[in-house]
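Undergrad: Chains as they are written, first to last, in the numbering used here: chain E, 197 to 544; chain H, 3 to 227.
Keep in mind the hints are simulated off the structure, nothing from the lab. Take the hints with a grain of salt, since some may be wrong.
[Unchecked claim] Below 25 Å or equal to it, Euclidean Cα-Cα: the simulated DSS-like pairs (lysine-lysine) are:
no.	chain 1	residue 1	chain 2	residue 2
1	E	405	E	426
2	E	362	H	77
3	E	244	E	302
4	E	494	H	194
5	H	11	H	83
6	E	278	E	377
Since this is a predicted model, take the numbers as computed values, not measurements.
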Amino acid sequence: MSMTPKEVIDAVTSGRAPDRLPTTVNAQSVVVRQKGLTLEQFWQLPPKEQAELTYAIARDHGGDYLHAGFNGTLAVGALGGKVKFREHGSPDVLEPLITSISELDKIDPARVRDYYYYQQAVETAKYLIPLGNGTYHVIVGSWGIYTQAGLLYGAERLLRESIRDKAAVRALLDFTFELFKACHEEVIGLGATIGSLADPSASGDMVSKRVFEELSLPYLKKTFDWFKSKGLLTTLHICGDINDRIDLIPESGTDILSVDYKVDIRRAAEILNGRVVIGGNVDPVGVILMEDPATVRKAYQDIIAALDGYPYIVMAGCGIPQSTPLENIRIINDLAHATVPSPYKVAG
Amino acid sequence: MSREAELHKALSDAVLEMEEDRAEEYSRLVVAEGYDAYQAIDRGLADGMDRAGQLFEEQEYFVPELILCSDAMYKGLDVLKPQLRTDGHARKPKAVIGVIEGDTHDIGKNLVKIMTEAGGFELVDLGRDVPPLDFVERAKAEDAELILISTLMTTTMNGMAEVIRILNEQGIRRRFKVMVGGGPVSAGFARKIGADGYSRNAAEAVRLAKTLLGLEPGEREAVGG
């Protein structure tokens, strides 16, 4: 009998080759759009309907995770910031919540629990997690603390203060960590099994390795420690070029690292040396969106060959646009299901 | 070194070292001692920003450092700009710049704006979350030569292709050079959508803009001039 999606992920993260390649490429945003729904409308669906659609998309189109929980961008809205929903794509913050870090004293992170979309997320998780019935991992999480802090305070202000006033930034990051816990604790308690962070502002395209080490990494570690204290596996994505900081990634405590196409994945595998599972590395727009299925498949085959027995999860290199052809997602997941990894040459 | 050259060097260093107060102080000295504001901007402030751009390309500086350098440059400009004579300088090449619809991340766009202004272009900033048609209509209205489009999100990159499609549809594609950039954008993507150019970062964008318009490096006009 073949492994369940959960067993496949459990195998790769414990250093055992599963019976097929794990994949987390998920068609949810694409299918939601094809059904004529915006993400706002999707998140407004009755929780049971939302959960059933989420489950059906994973079952029918592939991807070894079920996505649950609350979007970090909406957390800014929950505390009173201006968030804009869009016809296509994810919502984003129009204006930061605060203009001075001292304003945080007046904000209670627990207020997030009064927010409509937070409550929708929790109610949906109550239906979704039993649907997975232990055969899927249920993933929660959002922006890394450094990136989330930029949403609260304004990214440009955060970057300035990251050079000029690190103590103030740390106060902001401490608040943001409390907010993060308030956003995710309840769904974790319901049975989520993987904690995820994406920290694009910590990329080498944005900040120096030193700023990453001083301000992003300690909070990645803090958050992953918190996830692990609750028994979760952990996964990290940082957009863009992180070649110069791959050596620091194991310190974060992540089990899985999803890398952008700008990363030299062979070199990353050499540096990580089995301490962290790698995923991704394909250009989500230039390849997954814009190329034909055969070219998409070839891109993944090249990565698998280049990694030569390193534990790898099929992931996109970054967010997949909602207009991505479903056939390209299908070909990726078909490839994962048809590929039996060789025994790993390093411990996972 | 002449006194004027010393002041230019001090201005350039103040920008490079992210020292707002020093940039302001030396700009006041330029004015008080009767030196030409245009030259002080070109050989001082803009030169400092150019050097910062080089360090950015060498990965010595990153986005926060460039932002702080530009803060220093603008502090000096606040003093020197009112002193500029309005005649005597050639018309600058004009560009419209903005972040494509669906994206409100504008740090990259702002850096490209700063660097291209420092490199002698006149920029019309359309802001963020700009619909594709607005890029085209404003470029026409402003009689711009360049359209600069930025995004940080993979989910909004299709809007860049839409700008080019509209230009083609209106039969005016050859009137404008179109440059794209931003974290997830690649040279391959730029080629696929038919853009004229892609730059990896703000410093490279200035050189590319000049190349696309056939400008020689020596023809640079200073920011604010």
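Undergrad: Each hint needs a verdict: does it hold in this structure or not?
TA: For each hint, the structure was consulted:
1. 405(E) x 426(E): At roughly 30 Å apart (the allowed maximum being 25 Å), residue 426(E) and residue 405(E) break the hint.
2. 362(E) x 77(H): holds, 23 Å
3. 244(E) x 302(E): The hint is violated at about 36 Å.
4. 494(E) x 194(H): holds, 19 Å
5. 11(H) x 83(H): Answer holds: residue 11(H) to residue 83(H) is near 18 Å, not above 25 Å.
6. 278(E) x 377(E): Roughly 21 Å between the alpha carbons, so the hint for residue 278(E) and residue 377(E) holds.
The structure is inconsistent with the numbered hints 1, 3, although it conforms to all the rest.
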